[in-house]
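One line per chain: the protein sequences are A and B, in this order.
One point on numbering: in our numbering, the residue at position 152 of the first sequence is 152, and numbering is uninterrupted.
One point on numbering: in our numbering, the residue at position 55 of the second sequence is 212, and numbering is uninterrupted.
Mixed in with the good hints, there may be bad ones.
[What the hints assert, rightly or not] Which residues of chain A face chain B? A partial, calculated answer using Cβ under 7 Å:
1) 44
2) 58
3) 81
4) 82
5) 83
6) 85
7) 89
8) 124
9) 125
10) 126
11) 129
12) 146
13) 150
It is worth saying that the hints were derived from the structure and are not from the lab.
Bear in mind that the values here come from a model prediction, so they are computed numbers and not experimental data.
Here a beta-carbon is modelled for each residue, glycine too, at the ideal position from N, C-alpha and C.
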Amino acid sequence: MIRDVLVWISGSPLADWVVSSRYIWPTLESIHFVSLCVLFGSLLVIDLRLIGFYRERCAPMVNLLIRLSLAAFAVNLATGVLFFFGNTFKYVNNTAFEIKLVLILVAGANALYYKLRLSHIVDSEEVSLSSVGVGALSLLLWAGVIVCGRMITFYAA
Amino acid sequence: MLGFPTLIALHSVGMAVVVGLSLMITLRLHGILTGIRPPQIPRLLTVAVWGFVLNLVTGLAIFVTRGSEYIGSAIFLIKMLLVIASAAILFWLRQRLKAERPTAEMSVGDALARGLSLAATVSWFGAVVAGRLIAYLSDLYR
Numbered sequence: 001m002i003r004d005v006l007v008w009i010s011g012s013p014l015a016d017w018v019v020s021s022r023y024i025w026p027t028l029e030s031i032h033f034v035s036l037c038v039l040f041g042s043l044l045v046i047d048l049r050l051i052g053f054y055r056e057r058c059a060p061m062v063n064l065l066i067r068l069s070l071a072a073f074a075v076n077l078a079t080g081v082l083f084f085f086g087n088t089f090k091y092v093n094n095t096a097f098e099i100k101l102v103l104i105l106v107a108g109a110n111a112l113y114y115k116l117r118l119s120h121i122v123d124s125e126e127v128s129l130s131s132v133g134v135g136a137l138s139l140l141l142w143a144g145v146i147v148c149g150r151m152i153t154f155y156a157a
Numbered sequence: 158m159l160g161f162p163t164l165i166a167l168h169s170v171g172m173a174v175v176v177g178l179s180l181m182i183t184l185r186l187h188g189i190l191t192g193i194r195p196p197q198i199p200r201l202l203t204v205a206v207w208g209f210v211l212n213l214v215t216g217l218a219i220f221v222t223r224g225s226e227y228i229g230s231a232i233f234l235i236k237m238l239l240v241i242a243s244a245a246i247l248f249w250l251r252q253r254l255k256a257e258r259p260t261a262e263m264s265v266g267d268a269l270a271r272g273l274s275l276a277a278t279v280s281w282f283g284a285v286v287a288g289r290l291i292a293y294l295s296d297l298y299r
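Next comes chain A alone, as it looks inside the complex (with noise of 0.2 Å):
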C-alpha cells in the first residue's frame, strides 16, 4: 500500500519534471538553504528573547518574525516535497530524514505551546522558566533539524 503510492510518487510527471534538467535540483538546493537561514535567523531572534539573552518589550516585532519564520519555512516544505518526489528513495528508509521529520514536529508542538502559553512573556521584560525552556529547546530542535537534513545524503542507500 504504502510502497505503491511511493512508486507513485517517484514516476509521477512532478518527480519527472525535478530530475529533466541538471539545473533544477541544485536551484531548488539553493533556495532550501536560503529559507532556512531566514527561519533561523527570525528563530534566534525570538528565541534568545525567551532565553532572556535581552529582556525587553517586543511583542509586534515577534509576531511579525513568527510570520516571517512561517513563510520561510512554507518554502522549506514546498522544497522539501519536490526533493522527496525528484529521489523518493533517498529518503525512504533514511535514518536522517526520520529522526530530522520527528524533529519537525516536536519543534512544531514547541512553537504551538508558545503561542497558546507563553506569547503574554514578550509583552513584558521577563523571563520565565518554561520561556528559557522553551527558547533554548527551540534553537536546539532547529539546529538538530539542520543537522539532520545535512546528513541524508551521507545515511542514503
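Following the hints, put chain B in place on chain A, whose structure we already have.
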C-alpha cells in the same frame, strides 16, 4: 567523531547563525525589527561572529579533507571572495556599532553602516548559493 559528515553538518548550523543574524541585523538597521533595542545590536553581531568562527574552523577542516576537489572550481573561488567580503563587513560593523556605545533611545548606524550591512547580507546569501552549487555544477566552471 569529527568525520566529514559531522563537519559538513556543523558548517550548515554555523551558516544558519551567521547568515540568519546578518539578515536580521540588516532589517533592524533599516528600521524594521525595532524590538531589538540599539544596545543589543552589537551583542547580536557577536553571536553572528561566533557562527562565523564555527564555520571558519569547520570550513578549514573540510578544505584540508577535500580541498583538492574544490580548489579548481571557479564557484568555490567565488564563494571564498563572497565570504571574505561579508565577514570583513561583519567585523567592521561590530566594531563600529560597539564604538557608538548605543543607548536605548538613540538611533544606531549611519547610511554607510546600513548600506554595508545590506551588502554583507546579499553577499552571504550569494555564498550560500555558491556553496550549494559547488557540489553540483563545479565541472561546468573550471
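What hints, given by number in increasing order, does this structure fail? Hints 3, 4, 5, 6, 7, 8, 9, 10, 11 are the ones this structure does not satisfy, whereas the remaining hints hold.
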